[in-house]
Amino acid sequence: AQTVTQSQPEMSVQEAETVTLSCTYDTSESDYYLFWYKQPPSRQMILVIRQEAYKQQNATENRFSVNFQKAAKSFSLKISDSQLGDAAMYFCAYINGGSQGNLIFGKGTKLSVKP
Amino acid sequence: DTGVSQDPRHKITKRGQNVTFRCDPISEHNRLYWYRQTLGQGPEFLTYFQNEAQLEKSRLLSDRFSAERPKGSFSTLEIQRTEQGDSAMYLCASSLLTGTGKKLFFGSGTQLSVL
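First to last, the protein sequences are chains D and G. Under the working numbering, the first residue of the first sequence is numbered 1, with each subsequent residue one higher. Under the working numbering, the first residue of the second sequence is numbered 116, with each subsequent residue one higher.
Think of the hints as simulated: they come from the structure by calculation, not from any bench. None of these values were measured; they are calculated from a predicted model. Be aware that a few hints might be false.
[Claimed, not checked] Okay, derived cross-link-like pairs now, BS3-like style, lysine-lysine, Cα gap no bigger than 30 angstroms in a straight line: (1) G:218 <-> D:78; (2) G:126 <-> D:110; (3) G:218 <-> D:70; (4) D:55 <-> D:78; (5) D:55 <-> G:218; (6) G:126 <-> D:107; (7) G:172 <-> D:107; (8) D:73 <-> D:107; (9) G:186 <-> D:110; (10) D:73 <-> G:172; (11) G:217 <-> D:110; (12) D:70 <-> D:110; (13) G:218 <-> G:172; (14) D:110 <-> D:55; (15) G:186 <-> G:217; (16) D:110 <-> D:78; (17) G:217 <-> D:78; (18) D:114 <-> D:55; (19) G:186 <-> G:172; (20) G:186 <-> D:107; (21) D:73 <-> G:217; (22) D:114 <-> D:78.
Put together the whole structure using the sequences plus the hints.
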């Protein structure tokens with residue numbers, strides 16, 4: 001069975017600084033997708049960034065980028081120029097390419113941003 | 116596009132009572148998903164629909180749980196004879212059938228408290 005592990009329950013960053021959130025996963029599949037979702041106090045899960053396993057190039061969305069290490073099964077999220085609005089729970093998630101909706105989530109990392 | 120809407124946002128009930136939640140997906144989305152999130156955990160997959168057909172159910176979805184999507188639009192999730200262990204946030208998500216690379220769009224959830 002696939003698993004997703006986030007080893008950092010909490011992280012803190014100074015406003016305007018850079019922070020990296022860690023995620024590792026376990027799978028025997030070759031076709032899969034990885035995601036980072038953000039859950040602010042409003043509770044809505046918001047997609048931050050997505051990575052297809054077959055793509056070697058790391059995904060980037062504005063201040064958010066990933067370091068996808070397929071052989072190591074690692075998928076970290078880097079947030080540059082952190083803003084107060086980035087404070088939230090961040091969840092790493094995995095889905096098989098052949099699956100239709102069974103996203104497997106990690107336990108999350110709570111990110112605090114200090115002014 | 117008003118996003119995924121869930122109602123109610125909060126529900127408090129007594130053990131043994133039945134509860135029903137509603138989810139309205141993004142209008143053109145033909146897939147709809149239910150997830151459950153307990154405190155300190157990431158969301159866990161419960162079930163999903165493609166149009167009105169329920170295509171997959173997790174082993175987490177006990178016999179007391181039933182989900183419907185009668186006309187392929189909104190969906191309801193009913194829990195019969197609620198137990199304290201059912202206390203959680205119930206998240207709904209929707210997606211298009213193809214072309215979105217497994218992107219799910221989530222609602223803000225229904226927080227259930229069973230006393």
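(request) Please write out, lowest number first, the hints stated earlier that are contradicted by the structure. (result) Numbers 9, 18, 20, in rising order.
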